[in-house]
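Fit chain P with the ligand to the given chain L structure using the hints.
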Amino acid sequence: MTELTMAQALNLALRDALAEDERVLVYGEDVGPLGGVFRVTDGLTEAFGEDRCFDSPLAESGIVGTAVGMAMYGQRPVVEMQFDAFGYPAFEQVVSHVAKMGNRTRGGLRLPLVIRIPYGGGIGGVEHHSDSSEAYYAHTPGLRVVTPATPADAYSMLREAIESPDPVVFLEPKRRYWSKGEVEPGARTEPMDRAVVRRVGTDATLIAYGPMVTTALDTAAAASAEGLDIEVVDLRSLAPFDDATVTASVRKTGRAVVVHEASTFGGYGAEVVARVTERCFHYLDAPVLRVGGFDIPYPPPKLEEHHLPGVDRILDTLARLQWESRWVEPERSAPSAVAPNGLVLPAHDTRVNA
Amino acid sequence: MKRIDERPAPAPPGLPSLEPVRLVDRHGRRVDTPLYQSPGNAVLLELLRGMVVGRRFDQQAGALTRQGRLAVYPSSHGQEACQVGGALALDEGDWLFPTYRDSVALVTRGVDPVEVLTLLRGNWHSGYDSNRYRCAPQCTPLATNASHAVGLTYAARRKGENVAALVLMGDGATSEGDAHEAYNFAAVWNAPVVFLIQNNQWAISVPVHKQSKAPTLAHKAIGYGIRGHHVDGNDAAAVHSVVSGALADARAGKGPAIIEAQTYRIDPHTNADAPQRYRDATEVDRWRGRDPLNRLEALLRAEGLLDDDALAAMAAEGEALATRVRERMAGEDTLDPDELFAHVFASPTAQLLEQRQALRDELREA
Ligand SMILES: Cc1ncc(C[n+]2csc(CCOP(=O)(O)OP(=O)(O)O)c2C)c(N)n1
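Line by line, the protein sequences give chains L and P.
Just so you know, the first sequence maps onto residues 1 to 354 in UniProt numbering.
Just so you know, the second sequence maps onto residues 1 to 366 in UniProt numbering.
Misleading hints may appear alongside valid ones.
Unchecked claim - Which bits of chain L does chain P cover? Going by a derived footprint, with three or more residues having C-beta under 8 Å, they are:
# : region
1 : 47–57
2 : 68–81
3 : 91–102
4 : 108–117
5 : 138–144
6 : 238–250
To be verified - Away from chain P, derived, C-beta distances all over 10 Å, residues of chain L:
#  : residue
7  : A221
8  : E226
9  : G227
10 : F265
11 : P301
12 : H307
Simulated from the structure, these hints should not be mistaken for lab results.
All values reported here derive from a predicted model rather than from experimental measurement.
Glycine included, C-beta positions come from ideal geometry on N, C-alpha and C.
The following block holds chain P by itself, in its conformation from the complex:
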């Protein structure tokens, strides 16, 4: 975190506050928050731009799913502040470890949106070049990529590179043993890894109070002897501030941190979900009232940093992106069945070559 005064950092484990850190309230008014500094105007505008574009992308992906062009889509709607705030806090050399839910974070990071959707379209398991974007493949087995981030930063340190990593995870995932192991390895190795928990209140149909008795999920940090932060996950400015502060601390050798961001999954878990079976629509409405885009927009307008034209330009950018995605995904993909055997090993084994031939024969006869 960026401290605005010279008070020494609370010796870990300092208690995360029960009240989430907030820099902008839900009406778009600034909140004076000691210890945390608001991002500058340029970053605030960039956060809004990312969220506007991200939400439009998310809507487009939802539409493509309804048209049967995506196999499945876990929506980011409602969680844009976490995903955009987190992704924009990364330095170019840092790495992002996303889950299936984090398409908007990947788009914000600059990954080709169509490549982001490769997995969910069912074309291949990961569509983008991880090394190029410094984004690990989207991870589905919950919490299992968290330790990868710890290992990757260890490797970077051995190479003399100051690389930090941001791991995105859900509230449900924090119950997994792998989350614990990753937090602990990161702590013991003093790894420059920030774990950003997007607490969207639900793990499919299971509410967060059935996952944990911890006062906040950020309190888990205490047991590992590392820093924990509790932030309003619908306040993009706060998320960005807290995550960039934690990443800066990590790069400065101060070790890892666990951040819990309070947010909400507005849409069903995926298109296949039936949320009416487990949650009340009034809850969704309540959270719509805390919309992260409206909040930042209100702030920027109030401070004279945003007018209708500027907002329209952001919307147009989102529209253009959605159109490109639609167009590029309109046709049928041609997939090469030979490729099934191409990547299992660095070079295919005799058995795989045999099986490739058998499939070729089968297809020729068909």
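The following block holds chain L by itself, in its conformation from the complex:
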């Protein structure tokens, strides 16, 4: 076990991928000798040469477009968009080609490429450096969209993304680049399209991803002081969505809150709420709520703390989960009943009107 920052874990993943697979190429803006503005590609040009890790012209559409061509011809390009908002010039390539090529050619031309994007706020970045752009990508059929929350996942998921036969938008929570965690060199965590339960709890589920997983865990710790036992699910994969893991958690707890940094209106959380409600309606003791950023363009650094969901706002939202209904509920520890679908339910969940 080594303690690494998320940026170091990502660097190690690229390093190992470059070493293991001749087809892997890393390029983008300033990813060469500088090592990327966040140093994720630090030392790669030195170790593998200009041929494998290099600075390209400063043009995001061209970066992704050339990656499409490389992937068409058997390479495995890993390209970097320097910041979330600077990925927008490449949007047409992503939506019209990256996401569609495998489908439009009936599987004839698969595009095994990875687009790395540092995303989200919380680093005091000025305008255009803090967008949460995940919903644009997650809404686009044909893309895998994943986001790690821990250094161990950062390593494992990036390796898996590079090995994937499908194009992957790999969203890196930039405010967590410097947070540390144990990484077993070479070790793989759960498959990248699976959500995981980061904290087991019984009273409510916090559903989070990327930068908000840590915040959700902090919230759960604070809630336990208030007598609430909160489960935290880290989605990891935004597309496809791991219905099974999320549904199992919410059916168990009966209450859920989705947390993300992105503006709430039309945000990724809306999809999560819809899916959870469709699948867990009779298990729910309260509407599934969302905590997200306000519906405003990303604010200036001195105001971003008011925009970003924090522990207090999430606690307040948890408090709105109609806990009063508990007072009339049977005990949670009542004997279990078996639902028609074979799931074991706490007795209270069989009530028609929870």
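Then chain P with the ligand, alone, in the frame of chain L:
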């Protein structure tokens, strides 16, 4: 370009000539053009054959559209010299990056004509095996496949293969940011990519002078530090000569080139277009007088390389192709709705399998 003397190549950026390079004038007479060499007789005959067959294919596709058998068809009529001249300049190992307009280039490249029409018939988004024919899928978002060619040749170079690529684009597409990015990437990476701009004078209803202030579109090459060539796009011999020269230069490590070919879209933009709203019929007539097939035919006849029988054989070949296309597209296609979910990812996700099942149930109940 194939230089016939030993003069060194003009250091890029050399200015493309304002007068397009021409090897055969509109009456079918040879034009003495220093620096550019005419293709040999066999290639000239092959160019005419490709254009005759291509035009017949184009007419057939138009007819199928009027019968409702194609959803839409952007015609190549008038642009045969560019499409055939360009496609025939490719080596077997090279790649072609066509647009929606370039069906004739694909047929010339040897792609099954019915597979060429899959997209326009509305059956699927691309009907042919790109790897087999070394032709990328036909691209509709303008200029966006140009950078793919740059990336593909980069990948080929990494594999030790000397592959060049020919990107076809329209005059309107050169205004797109993606055209600029592709030219620039190609230049910086010294990529073996030739961009052939078929300037057919119109981007749907917008004339080329509203696209650019450049003296010619080939002049754009100067800003990228690469070669630019300006060619008569209704002169198949000139197109072939200039494109094969540029491809040879590219394969020889001399970098990319931008070629502007002056041509004309005789037909409407697609069957859905209304050209009388924006252009004068006399303009079309003027360009009919510069027909690329007539020109090459006149040359070959004058030089004793073509007689009525040889031309009839080419026409018969086109007729046979048209008949095959008609017959194969006469019936109704059976499409499998399951396939909607099959190719989105290398293997379908749980969500797609669920949706596939839902559609199956819906169809069973219907
Ligand atoms: C990015 C993009 N914008 C708009 C369109 C719609 N459109 C299709 S063809 C066309 C005109 C293209 O003109 P040109 O590049 O000269 O090619 P031509 O059709 O004349 O061959 C337009 C505007 C498109 N396909 N892609």
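Right, here's what the structure says about each hint:
1. 47–57: holds (count 3)
2. 68–81: Coverage by chain P holds here, the residue count being 9 at a Cβ distance below 8 Å.
3. 91–102: It holds, with 7 qualifying residues against the three required.
4. 108–117: holds (count 3)
5. 138–144: holds (count 3)
6. 238–250: n = 4 at 8 Å, threshold three: holds.
7. A221: holds, 33 Å
8. E226: holds, 36 Å
9. G227: Given a closest Cβ separation of 37 Å, the condition holds.
10. F265: holds, 24 Å
11. P301: Given that every Cβ of chain P is farther than 10 Å from that of P301(L), nearest at about 30 Å, it holds.
12. H307: It holds; H307(L) is separated from chain P by about 31 Å at its closest Cβ, greater than 10 Å.
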